[in-house]
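Chemist: Single-letter residue listing:
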Amino acid sequence: AQSVSQHNHHVILSEAASLELGCNYSYGGTVNLFWYVQYPGQHLQLLLKYFSGDPLVKGIKGFEAEFIKSKFSFNLRKPSVQWSDTAEYFCAVILRGSQGNLIFGKGTKLSVKP
Amino acid sequence: EPEVTQTPSHQVTQMGQEVILRCVPISNHLYFYWYRQILGQKVEFLVSFYNNEISEKSEIFDDQFSVERPDGSNFTLKIRSTKLEDSAMYFCASSVFKGGGRATDTQYFGPGTRLTVL
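Protein chains in written order, with our numbering: chain S, 1 to 114; chain X, 115 to 232.
Pulled out of the complex, with its shape left as it was, chain X reads as follows (with noise of 0.2 Å):
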């Protein structure tokens, strides 16, 4: 069966610096999602992207943060200068359509990136 895969699992960076989180969602899926989890906290959305344009972000998703769609395969999140605060795990999901309202548009997520900021 498919699966989203997200790389580093693990990721330890010094506050201030940029770190890339990469993930390949599913192959024909057309949705690509990015969710947080500080720990103790709930999921929490970051940003949906469609076409290779953003079609919603949060209000956690501000000038530090973008998203890119590189290639055919890979979905990418970049925090730019990162803070404590960043700490959390990233979580990458795909699906077919949005909405939810179908079975194609069900959410598929990865096994997440751990993002230590020290």
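Same shape as in the complex, but just chain S (with noise of 0.2 Å):
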């Protein structure tokens, strides 16, 4: 089944040290790739996302993702945390020519120590 890992359950920063959040993704087909954050009390919020070219994707508030098709790999990167940046990040994937539906990761907690 398709499935998708997300290496760290907790990652503890200090602030304006850099980030990079793993995301691995199990299926052959064609993707399309997602990070979703969720501030604490919040609701999930897009992040950024990858549907085709570029493989380097730029969200909001500095956040940045590669796309590495052949390591089937879609990790997060912020080369300078803020203590804002304190939240859940999930990756998910939606599979092409599927109903749509979002495969989630299990989550990664990130703590920024101000």
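The set of hints was computed from the structure by calculation and includes no laboratory data.
Warning: the hint list may mix true and false statements.
Label-pair distances were calculated between CB atoms; the ranges are [to be verified]:
#1 X:P184 - S:S84: 38 to 44 Å
#2 X:F211 - S:A1: 22 to 28 Å
#3 S:Q42 - X:D176: 40 to 46 Å
These numbers were taken from a predicted model, which means no experiment stands behind them.
From the three backbone atoms N, C-alpha and C, an ideal C-beta is built for every residue, glycine too.
Each chain sits in its own coordinate frame; assemble them with the hints.
Modeler: Now the structure itself:
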């Protein structure tokens, strides 16, 4: 069955540190890729998405992600995190040609120390 | 900016009782979804809905679950006889189209309803 793996359950960083959250998926066909963020007490918000074209995607709040097809990966990066980035981050895929339901990873909780 | 809304934010119920979770999708969206997240686990797809019928459902979505769009704005999830293992956060989402290949396929999520079954 198709699945999405997020390698880190909980990441703790100091402000200004660089961030990379791993995401891998298992599916041989074409996928569309998403990162959602859930700030404490808030709903899931779209951070960025990849459909096609340039594999380096830029999202809101200085986040970016790179799709590496050969590695089935879509890692999220930010060069310098802020305390306000404390949240849970979810990687998700939609299989092209499917009915469009999102397949989520388990999420990575990011805690940024001021 | 338009948002998906959900009510109630928290629902506590006794095992065996029926619950209805309500969602108001974004007004020009055509596709509606329910997902759930059991505490500590991943967000899981339950069902998608389009044109007044179910498009797809997961194996979680058994006969105890049903969805309905009773009017032009609400989208509801009913659990007929709740079980302890139904305790979870339930998220509604909507999109203009489905498939994920276009910007209009992006799913926008509501804040969730936390269901606690005692």
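Chemist: Does the structure break any of the earlier hints, and which numbers would those be?
Modeler: 3
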